[in-house]
Structures are given as structure tokens and as C-alpha cells.
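Trainee: Sequence:
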Amino acid sequence: MRSPRGLLAISGYLAGRHAPAASVSTTGHHSLFFARAIQILAQPEPVRLQELSAPDSGILELRLERPEVKNAINWDVMRRLRSAIEKIQADAAAKVVLVASSVPGAFCAGADLKVWSCSERKLMGSSEVGEYARSLRSTFSSFEALPIPTIAVIEGAALGGGLELALSCDLRIWGNAELGLPETGLAIIPGAGGTQRLPRIVGRSRAKELIFTGRKCDAAEAVMMGLANYCVPAGEAYQKALDIAREITQKGPLGIRMAKKAINQAMEVADMSSALAVEGECYEQLLHTQDRLEALAAFAEKRKPVYTGK
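Residue numbers (the numbering used here): 16 to 325.
Any given hint might turn out to be false.
[To be verified] With a straight-line Cα cutoff of 30 Å, these simulated DSS-like cross-link-like pairs (lysine-lysine) come out:
#1 231 / 266
#2 102 / 317
#3 255 / 276
#4 255 / 231
[Stated by the list, open to error] Computed Cβ-Cβ distance ranges for the label pairs, DEER-style:
#5 59 / 231: 26 to 34 Å
#6 66 / 287: 38 to 46 Å
#7 238 / 266: 35 to 43 Å
#8 266 / 149: 19 to 27 Å
#9 269 / 230: 41 to 49 Å
#10 291 / 106: 14 to 22 Å
#11 142 / 69: 47 to 55 Å
#12 288 / 312: 28 to 36 Å
#13 299 / 236: 35 to 43 Å
#14 210 / 284: 19 to 27 Å
For the record, the hints were derived by calculation from the structure and aren't laboratory data.
Beta carbons are placed, not taken as given, at the ideal position from N, Cα and C, and that holds for glycine.
Generate coordinates for the entire structure from the input sequences, incorporating the hints supplied.
Mentor: In C-alpha cells:
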């Protein structure tokens, strides 16, 4: 984001290069052009990734900031999400990711409807729309595959692709939220993982009902069916998610990563013996790590008897 001084410098530079020597109407035209240029430059990034400062080091915050369309996901947002995922993957100090919205009343409205609008439909055929769905599916799969815990902070609407983004997170905290997968109303299906992740979380029958009817439900119902970990009063979802993230950061980071790997990989195998084999492999990899030695030393220190002098 450029500073106001930088924006003024840019506008002055442009004005200096393009200052018209013609009529007042031309001057007015250029003034409008420069004002529009400054407005575009001043707009916030639609996806923002930042690390929280101490004492919350290791907690990353991924924020959606596209208020004009309630954080709807277009190609640009998708590219920025993938870039953020790559940065998280490369950050060895990262321990937890909070996924939140800076837009009041909206977590994410899903796919940007302009992808299917009549005006753009002339430019985007079925193959292009299909490519959009494949890219969104791949993006959410990459997010789900992050080795550290991810927590969705949902205040407001999480619909379609917005709910699918939340489903790709490990935990979901709901405030004043409304959720749903309305795609069947458009004669399509949830195409960014919704038909697969939802039944794995809430069960096959409940998932079918929500997808077949396309109906919306609130946070309380989401908790009842196991879709949400917690339902909190409006405006309190972020603090609850932050409290959980702080608890996670106090644990052995490699242990947390291996726990996520063991759960995710074992859930994809067909039988218990194979699942236990996955668990065993993850367990063995932790036995001789520095993380474990430090955790054992800290545990032993806590267990030391305190001499009172009596």
C-alpha cells in the first residue's frame, strides 16, 4: 500500500508529464483521470497476510478485504491466495493461521458472480468457467494441505465458495454467521471441495440435505451438526480463535504438525490397520527431535519438588 505522500508524488509526476495546454474541459477530464488513478492506488489489497507481534509470534493472520463484493473470489483473489499459501509454506516459524474477514457482515460470498454474468459470459465459455472451478478447487486443496493448523473466523455470511474455504480449514469459529452451499439453485454443484469435505465433517446424510436444498443455516445449527467447533456471540469469534491459537503455540510445533499429518492422512485410508500405520510413522519421526527433548526438559522442570525449608 502506498503512503498518501507517495500517492501525491505519483499524481504530481503524472500531472507534470501529461499537463494539458488546452481547454478547461480537457483539464477537467485529466483531473478526473488522476483522481480515479489515486483512488485505485489507495484501495486495500484484497488478500492480506501478516504475522502477529509478540507475544503472539508464530500466529499468522490471513485477511480477506474486498468490501465492494463481500470478499467474493475472482481470479485476482485466487492468485493472491495462492501467493499467501506459498509464503506460509516457506515460513518455518509459522505455527497457526487465522483466516478472517475485514468486511463487516461477510466472511466470503463465494465465487465472484461476474464470472457467470451475461456481460462476461461472452468472453468466458464453459471451458473457462470450468477452469475457474478447477483453480479454486486446487487453491483450497493447497490451503488444506498446509502443515500447520488453520482456523476460520466466521462473522457474517459464508456462502458457496466462502463456506468451501472454511471447510478447508482445520477449525471453524462462528460468530453472527450464516452459511450455505446454494449452487444447486444455479443448476451446478459445489465445485471447490464442498461435496467432499462437507460429508467428511458432518456426515453423508446432513451434507446431502444442505447441498440438495441449498438452504442456509446459522451458527448454532452449525455447532449442532459438527460443522463449527464453537458458536460465540457476534463480534467475539476472532478473540475465541486467537485464544485457541495461543494454546496451540504453547505446544511442540513439530508435534502439532505431525498430529495434523497423522489425522489427515489416516482419514484417507480404507482400514484401521493402515490408519494406525500412518500414526506409527508420524510418532516415530518425533522421538529424537529437539522439540521433544525440550518439551521433556520443561515437563521435568515442572515436576521438580519445591523445597520449603520445613
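Trainee: Out of the numbered hints, which ones does the structure contradict?
Mentor: 1, 2, 7, 8 and 10
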